[in-house]
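J.: Each chain, written out:
Protein chains: 2
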Amino acid sequence: MAFSFVVRATDGAARTGLIHTPRGEIRTPAFMPVGTAGAVKAMFPEDVAATGADIILGNTYHLMLRPGAERVAALGGLHRFMNWPRPILTDSGGFQVMSLASLRKLTEEGVSFRSHIDGSMHVLTPERSIEIQCLLAADIQMQLDECPAMPIAHDKAAESMRLSLRWAERSRCAFNDLSKPGQALFGIVQGANYEDLRRESLSRLMEIGFPGYSIGGLAVGEGREEMFRVLDFTTPHMDAARPRYLMGVGKPADIVGAVARGVDMFDCVLPTRAGRHGQAWTPDGPVTITNARFAADETPLDPSSVCPASRDYSKAYLHHLFKAGEYLGPMLLTWHNLHYYQQLMAGLRAAIAEGRLAGFIADFRARTGETIL
Amino acid sequence: MAFSFVVRATDGAARTGLIHTPRGEIRTPAFMPVGTAGAVKAMFPEDVAATGADIILGNTYHLMLRPGAERVAALGGLHRFMNWPRPILTDSGGFQVMSLASLRKLTEEGVSFRSHIDGSMHVLTPERSIEIQCLLAADIQMQLDECPAMPIAHDKAAESMRLSLRWAERSRCAFNDLSKPGQALFGIVQGANYEDLRRESLSRLMEIGFPGYSIGGLAVGEGREEMFRVLDFTTPHMDAARPRYLMGVGKPADIVGAVARGVDMFDCVLPTRAGRHGQAWTPDGPVTITNARFAADETPLDPSSVCPASRDYSKAYLHHLFKAGEYLGPMLLTWHNLHYYQQLMAGLRAAIAEGRLAGFIADFRARTGETIL
Chain A
-18 MAFSFVVRAT
-8 DGAARTGLIH
2 TPRGEIRTPA
12 FMPVGTAGAV
22 KAMFPEDVAA
32 TGADIILGNT
42 YHLMLRPGAE
52 RVAALGGLHR
62 FMNWPRPILT
72 DSGGFQVMSL
82 ASLRKLTEEG
92 VSFRSHIDGS
102 MHVLTPERSI
112 EIQCLLAADI
122 QMQLDECPAM
132 PIAHDKAAES
142 MRLSLRWAER
152 SRCAFNDLSK
162 PGQALFGIVQ
172 GANYEDLRRE
182 SLSRLMEIGF
192 PGYSIGGLAV
202 GEGREEMFRV
212 LDFTTPHMDA
222 ARPRYLMGVG
232 KPADIVGAVA
242 RGVDMFDCVL
252 PTRAGRHGQA
262 WTPDGPVTIT
272 NARFAADETP
282 LDPSSVCPAS
292 RDYSKAYLHH
302 LFKAGEYLGP
312 MLLTWHNLHY
322 YQQLMAGLRA
332 AIAEGRLAGF
342 IADFRARTGE
352 TIL
Chain B
-18 MAFSFVVRAT
-8 DGAARTGLIH
2 TPRGEIRTPA
12 FMPVGTAGAV
22 KAMFPEDVAA
32 TGADIILGNT
42 YHLMLRPGAE
52 RVAALGGLHR
62 FMNWPRPILT
72 DSGGFQVMSL
82 ASLRKLTEEG
92 VSFRSHIDGS
102 MHVLTPERSI
112 EIQCLLAADI
122 QMQLDECPAM
132 PIAHDKAAES
142 MRLSLRWAER
152 SRCAFNDLSK
162 PGQALFGIVQ
172 GANYEDLRRE
182 SLSRLMEIGF
192 PGYSIGGLAV
202 GEGREEMFRV
212 LDFTTPHMDA
222 ARPRYLMGVG
232 KPADIVGAVA
242 RGVDMFDCVL
252 PTRAGRHGQA
262 WTPDGPVTIT
272 NARFAADETP
282 LDPSSVCPAS
292 RDYSKAYLHH
302 LFKAGEYLGP
312 MLLTWHNLHY
322 YQQLMAGLRA
332 AIAEGRLAGF
342 IADFRARTGE
352 TIL
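Listed in order, the protein sequences are those of chains A and B. For the record, in the first sequence the residue sitting at position 168 is 149 according to the working numbering, with numbers rising by one throughout. For the record, in the second sequence the residue sitting at position 108 is 89 according to the working numbering, with numbers rising by one throughout.
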């Protein structure tokens, strides 16, 4: 019943392993599709599982506002609500408050804000965030943190990171009071792109002690090279026995590079959002299906795929569906993209297990033309 | 390989039987989901089939404009294009020209119009309509007809009906030249709500000779009672050995009443369109899932259903999905509605086969509160 993590194999800094939760196992490195408002957009939950996803992410900010955490709890928790019996990770809500809500006011206590949906006022504290995540019955929960934009001055970044540390302690206390056995709370490493601050954040979090650690404050526009530079001075100091989760990342090349640097978990709206907007990710990079060159292309996105969306429909048909504004276009491309992402993760796991990650990355680089990995 | 129809059992005027086509059998009475632009909106084709649909309908008007009939033909025909290997029926395009296109000009030759998509000019003649339907590779095709609005004066209705008869002959000639073995062309009975005109239309069509007959010009606002009155003086004179298709119908009560009057085939956008707009059809009638009374309703639409959409999601969740604007809401309710429609058809077929249609209708009346049947 307990939450645990085992590393099965390593290849350089990269690891492959297994997270055990009462709701199922998560093969790492893992990509978590985003189910913001209680649904992975345009996907049936059975099809999400069939792509190979072991866990999905839910957004505390959206769910607390609609339908409300108490409502979800009364309906049996988020798993039952959305018909997804496998593990769910929730964020703390903090990041979305900062990016979506208006009239935000940040204090030592927490953050107050106005809902982007109906204008109602809400307060999110470390304690309330944990309470919400426990009402949702999330298997893996996140401490409330502040995620400042970059670039940010060193003193501001330090101040913000230390606030997040104080919130980490309060989150930990609330979680100890409210959580159920087998649930896990992750601490979040902050400190912008300053090595000393990342090290301070990490060592203080490890003193508190968490069953997993997230790397926050990245993928906010700093660029891939800078993100990898931060990972290079952060992940080597992280507890090797705990899963490492790089929040909000990313493009396939971001994921490949971060896995090589020892990251175990990822989430990103890219495959679902791109799918709704006509962008298909393939082993050769992304293609825009609405491009006129696909109008008469009778080949599917991947004839050898086991995914029906990738295999059973021509690019010409997908092109037509988007031109005609049919629901089926986003449905098929989202499915295809999620399947591609899970295939990428399966490929990374196998390459690490077999000690051939360098070759995998060389192939990825050659096919996609990505240079920074 | 040939197109054929056998009546297996009758109960009063109602019949149940089987249409054979080279692409599969169609159990009658049959409901055909509408796949206007090459897709049943918000549905995967496998799920359409799993609801029990043996055949779907495609709209010639939409497909000729986008992606174009020649394009579909070059891509292997409509079945392959949309990944639906079972039978497809296409309409002639005439009805949609009249309801959707602008700058329509009707002559003896055909109808010219401006596309509602890009403003381009097009001409649809009986011959071109058949050519398009053959390019699409439709298994059951419709003659071009004129479908005037009601109420309409007797002399205008007669004039229009006789134009449709001349188009029926021209359609038949074109079909003989262009069609493949096993495909079928249906003639369309017109004549508004005038008994003498419907009789004239029908007897002239039967002289030409078709493997099936459609009843056109109904479900255009005349009301259920008036529609049934027209059926009462039309279906008894139709060839009992040929399938009878009531075009564009309808609500469940319309279908039940028309089946009792000897109709074999139906199509309607209602289950798909209603599903996209938050209306769920149930054995007790329609419910609007966005209604506040469902916000905390933990029961599914039908816990005993074999359809996942009806069984595995609470009304509260469906309510939430529509409130949150999630794709999954229309996906689930469309699926539920199509399954409900196919269950209704299966129930009608079984009732006719077992000689208990009157009891079935009495139950339907009692549960739905519908009085005109």
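Heads up, some of the hints might be wrong.
Pairs of lysine to aspartate or glutamate, EDC-like flavour, derived with a Cα cap of 20 Å [as the list claims (entries may be wrong)]: (1) B:304 x A:99; (2) B:161 x B:213; (3) B:161 x B:6; (4) A:296 x B:27.
These aren't lab readings, by the way, just hints derived from the structure by calculation.
J.: Check each numbered hint against the structure and report the violated ones by number, ascending.
T.: Of the numbered hints, just 2 does not hold.
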